[in-house]
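Chains E and H, in that order, give the protein sequences. Position 383 (the first sequence) corresponds to 383 in the working numbering; numbering is contiguous. Position 203 (the second sequence) corresponds to 203 in the working numbering; numbering is contiguous.
Honestly, the hints are just simulated from the structure, not real lab data. Misleading hints may appear alongside valid ones.
Below, computed lysine-lysine pairings styled on BS3-like, alpha-carbon distance capped at 25 Å [unchecked claim]:
{"no.": "1", "chain 1": "E", "residue 1": "K436", "chain 2": "E", "residue 2": "K456"}
{"no.": "2", "chain 1": "E", "residue 1": "K445", "chain 2": "E", "residue 2": "K456"}
{"no.": "3", "chain 1": "E", "residue 1": "K541", "chain 2": "E", "residue 2": "K331"}
{"no.": "4", "chain 1": "E", "residue 1": "K445", "chain 2": "E", "residue 2": "K331"}
{"no.": "5", "chain 1": "H", "residue 1": "K108", "chain 2": "E", "residue 2": "K456"}
{"no.": "6", "chain 1": "E", "residue 1": "K331", "chain 2": "E", "residue 2": "K436"}
{"no.": "7", "chain 1": "H", "residue 1": "K213", "chain 2": "E", "residue 2": "K456"}
{"no.": "8", "chain 1": "H", "residue 1": "K108", "chain 2": "E", "residue 2": "K365"}
{"no.": "9", "chain 1": "H", "residue 1": "K247", "chain 2": "H", "residue 2": "K213"}
{"no.": "10", "chain 1": "E", "residue 1": "K498", "chain 2": "E", "residue 2": "K436"}
{"no.": "11", "chain 1": "H", "residue 1": "K108", "chain 2": "H", "residue 2": "K80"}
{"no.": "12", "chain 1": "H", "residue 1": "K238", "chain 2": "E", "residue 2": "K445"}
Which chain E residues stay away from chain H? Per the calculated CB distances, all over 12 Å, these [what the hints assert, rightly or not]:
{"no.": "13", "residue": "R47"}
{"no.": "14", "residue": "A184"}
{"no.": "15", "residue": "N208"}
{"no.": "16", "residue": "N353"}
{"no.": "17", "residue": "H440"}
{"no.": "18", "residue": "N512"}
{"no.": "19", "residue": "G572"}
{"no.": "20", "residue": "V596"}
From chain E, some residues computed to sit far from chain H (all C-beta separations above 12 Å) [claimed, not checked]:
{"no.": "21", "residue": "L244"}
{"no.": "22", "residue": "E348"}
{"no.": "23", "residue": "P377"}
{"no.": "24", "residue": "Q535"}
Note that the Cβ used here is the ideal one computed from N, Cα and C, for glycine as well.
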Amino acid sequence: MIIRYLFGVLVIVSFSLSGCNESPAPQPQSCVAGLPAITTGANGLARVFLPDPAASAGILSLSPASLKLNDYAVSRELLRLGGRGVLEGRYVEVRDGLTCQGGFSAFEQNNNFVYSHSDRRFQEAMAYYFGDQYRAELDAVGVLQPVSPVRIVVHYSLEDNSSYIRYSDGGRMVDEVDLSDSLATRGASYADDGAVTIHELQHATTVNTYDPSRNIRRFWYDEAGALNEAVSDFMALMFVSSMLPTSFDPRTFSSWALGKFIPGVRGTRGAHRCPAYDPNFPDCSGFPGFAAETNTISYVYPDGLGWPYAAGFDGPGYARSAFLSFRGQEKPHDAAILMQGALWDVFEALRANHSPDEARMLMTKVVMKAIADLPKPGFSLSPISFQGFAAAMFEVSSALGFSADDLDRMRAAFRERGLLDAPELQPGWAGAGSVKIVDHPSILKNWLNRTGADPKVIPQGNATGLNGQVDAGEVVAMWFDLQNYSDLTAGNVYLRVKSLNPAVTFLDNAVNEGFVSENETHVVYAKVNGTEIVQKLSSPKPAFDVPLGNSYFRTNPYFGESWTTAVWVKVGAAAARQTLAFDIQVSASNAPSETVRFEVGVQ
Amino acid sequence: MSSNRLRAVFITTALVLAAFASMIVLSSKEQGTESLARNRPRSAATGAVSGEATGQIIRQAALHVTPATEVTGSAQERWKNFEASFGTGFEPQWRDGLLASIRAAGGKIRNPNARAARPAGPARNGFESRDSEQVLARARELLTVLEGLVGVEAELPLENPVVRGGETSAHVFFQETWRGIPIEPLGKVSIDLGSDGELRGFDSTYVRDLLIKNRVGFSIEEGRLRALSWFYRFQPEKQAVQVAGGKQIIWVSGRNGWHAYEYFVRGHHIVIDAMTGELLYGRSAGSA
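From just these sequences and the hints, can you work out the full model?
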């Protein structure tokens with residue numbers, strides 16, 4: 001295998017050398033070797049979409065396959081360029097992934113980066129425009145992070161994705177936004193959607209504002225990860241809102257790339273108060289209610305967490321269909337929808353007393369300062385919650401001297417979303433239910449392979465690994481069906497799991513995200529339903545009944561389809577025929593801490 | 001007596017004497033030391049590490065880091081000292097007997113009893129949260145009082161402070177290191193201050209009693225290929241892959257630490273053992 005990999009590396013190196021121009025004087029439509037000398041000024045020109053082809057054209061139904069896309073681009077001035085004839089400037093530098101292996105591609109001695117849409121350098125110039133404009137505004141507000149330019153790699157790869165990553169390279173921190181070309185719709189690029197570029201750039205701002213070295217997200221499904229996505233969506237919505245024609249809904253995020261690139265899949269997200277399959281969408285007149293027979297779902301904390309946003313479910317019981325078929329309930333992008341909507345509500349509330357530009361600046365400042373003030377990992381490895389963030393925003397706004405009316409409006413907006421002044425669960429809310437075990441060696445090894453961890457840690461074969469029970473000597477994945485006896489739903493549920501049997505230990509942090517020691521690990525469940533939402537969404541009509549329950553397993557029926565909320569347990573031979581006990585200290589963003597005991601028999 | 005018996009008696013006597021001597025040494029080290037109530041027993045220092053070849057993997061005895069910071073006084077006394085200097089109304093949170101977090105009591109963001117910083121000098125009228133020097137000085141003042149509760153050891157210092165000042169708050173981040181090498185992913189201490197220098201939050205993932213389990217066996221450049229091979233194990237379909245990053249760290253899990261190299265390959269965070277090349281951690285690291 002290693003020979004194959006080495007061969008792969010050689011191929012990459014040779015491809016890299018042959019694909020890039022090595023001459024000192026860069027040529028148009030090739031890759032730039034090294035960094036040219038400064039020969040020109042800081043201003044240039046480009047053609048861009050504002051913020052995407054459909055909005056630029058004012059045509060909601062415009063297709064990425066349209067041959068007229070180039071007609072809808074408009075000219076814009078590029079600012080703060082470094083003067084070397086490439087797209088590097090004070091706030092961003094834009095490179096090409098697929099053609100130039102992350103090197104500069106576009107080179108114009110006179111900074112005239114004007115290209116047709118069919119030229120792959122079009123996306124480079126457009127990414128520079130949006131990146132520079134957005135980060136210049138952050139700087140003007142006094143919240144720019146990171147201070148050094150962010151690297152944007154367009155045409156990063158051929159896949160339907162875009163991402164942000166931060167890493168240390170030779171002692172220097174690199175913040176990199178990667179914008180790919182669509183695999184599903186060839187010729188379409190995520191860099192054609194300015195909202196996507198800003199979303200990813202905001203990740204750089206959020207992560208660096210929170211902590212200079214640690215990521216904000218610590219668990220697969222903690223509210224910190226969802227908050228990171230919510231802030232990115234919201235800041236992008238707010239920034240591009242002034243560019244949209246009045247016929248476009250400013251609360252819809254990335255209707256171009258997420259809405260159109262993958263046929264049959266509507267991946268859009270938004271800041272509305274209800275999902276698109278609620279019959280009252282987009283006005284959401286049923287907010288803040290929930291009802292099965294009217295398909296009323298509301299993005300209010302905590303019951304509104306995780307409901308999918310886009311339409312596409314089967315009727316007449318759309319809410320039932322969404323619950324039964326949607327597998328992403330706990331994922332950050334979906335859990336984020338509630339919070340980005342709340343932020344939009346606050347933005348609109350501030351616009352009552354301020355111009356749109358003023359309100360945007362105020363929101364930018366408050367959101368970033370509140371992120372800086374969020375608690376860091378200590379006793380809890382993930383101490384961030386939506387409610388804590390809303391409280392931090394209110395606190396910052398007060399410290400910055402917001403008017404009493406602005407503060408009242410902000411409080412009211414957060415209160416309506418269940419994020420401030422909300423009722424809390426009372427002591428005695430948590431109880432122990434069953435434990436789910438996965439011990440199938442093939443499934444476990446496959447999961448470890450997919451996470452990047454080493455599958456060699458699974459010792460068992462099929463002899464004991466097919467019974468779905470704990471056998472001595474096995475490594476198993478384990479979930480706890482936490483019961484919630486309260487009428488209220490618990491959000492951001494944090495489990496400190498302690499093994500009381502010395503023969504039963506937890507795998508280390510290569511596998512368990514919340515590993516603390518051999519006998520303690522932590523995990524986060526996004527929410528556990530209370531009894532009230534179970535009753536609200538039940539119906540005597542089978543076509544409408546949403547079969548929820550007030551326990552974790554019946555909050556997310558797909559919890560066991562992946563490893564993301566499992567704890568990985570090693571069961572020693574000495575545990576044979578014993579009953580294992582796990583004491584779990586459970587807390588939630590809206591509930592007091594409790595300890596419950598789960599027990600599991602060993603074969 | 002045969003020579004074999006003589007040798008056995010000699011070895012036995014030597015072992016008994018060595019054990020007796022070590023008991024005296026350990027006993028004298030423990031005198032005058034009052035451990036925190038739930039502290040783990042501190043380890044004795046060991047000298048040079050001797051390697052033992054087992055196949056391709058060189059296994060080493062664990063190197064215990066010398067705990068040079070002596071803990072004196074009870075945790076409660078230290079906490080009272082903290083309250084006397086920085087105000088009452090805080091809630092400490094402990095993990096394994098060590099201070100992990102401090103928050104305002106009752107889940108509040110601000111503690112109204114938190115004491116403001118005193119003026120830093122005669123020329124200053126008061127604390128300025130935008131002034132990096134003042135912010136760092138205030139953070140160090142806090143840390144001096146708290147490090148006994150955190151369990152800071154001389155060989156695992158908190159270094160490389162990053163200061164973020166602002167008009168309404170300020171934040172200071174410290175990095176735990178071992179011989180200058182950063183501890184990851186734990187080993188962080190952060191202090192949040194209000195605009196008057198009052199404490200708003202303290203959080204620690206400090207690791208003490210660290211056991212270093214290996215040594216460096218190859219260069220960071222050699223590690224790139226190994227990181228790439230790990231990446232291809234779980235992403236074999238990817239092409240034109242580049243290895244970014246490259247940082248030497250001590251990777252910690254529990255109280256065990258490994259010399260390690262950290263890389264990023266196509267959005268994946270990969271940490272490999274710097275002696276064996278084995279994968280210590282691999283995960284998708286990007287925000288999509």
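Taking the hints in turn, this is what the structure says about them:
no.: 1; hint: E/K436 with E/K456; in the structure: holds, 22 Å
no.: 2; hint: E/K445 with E/K456; in the structure: holds, 8 Å
no.: 3; hint: E/K541 with E/K331; in the structure: violated, 30 Å
no.: 4; hint: E/K445 with E/K331; in the structure: holds, 22 Å
no.: 5; hint: H/K108 with E/K456; in the structure: violated, 46 Å
no.: 6; hint: E/K331 with E/K436; in the structure: holds, 20 Å
no.: 7; hint: H/K213 with E/K456; in the structure: holds, 20 Å
no.: 8; hint: H/K108 with E/K365; in the structure: holds, 22 Å
no.: 9; hint: H/K247 with H/K213; in the structure: holds, 18 Å
no.: 10; hint: E/K498 with E/K436; in the structure: holds, 17 Å
no.: 11; hint: H/K108 with H/K80; in the structure: holds, 21 Å
no.: 12; hint: H/K238 with E/K445; in the structure: holds, 20 Å
no.: 13; hint: R47; in the structure: holds, 28 Å
no.: 14; hint: A184; in the structure: holds, 16 Å
no.: 15; hint: N208; in the structure: violated, 10 Å
no.: 16; hint: N353; in the structure: holds, 20 Å
no.: 17; hint: H440; in the structure: holds, 19 Å
no.: 18; hint: N512; in the structure: violated, 9 Å
no.: 19; hint: G572; in the structure: holds, 17 Å
no.: 20; hint: V596; in the structure: holds, 20 Å
no.: 21; hint: L244; in the structure: holds, 24 Å
no.: 22; hint: E348; in the structure: holds, 24 Å
no.: 23; hint: P377; in the structure: violated, 6 Å
no.: 24; hint: Q535; in the structure: holds, 29 Å
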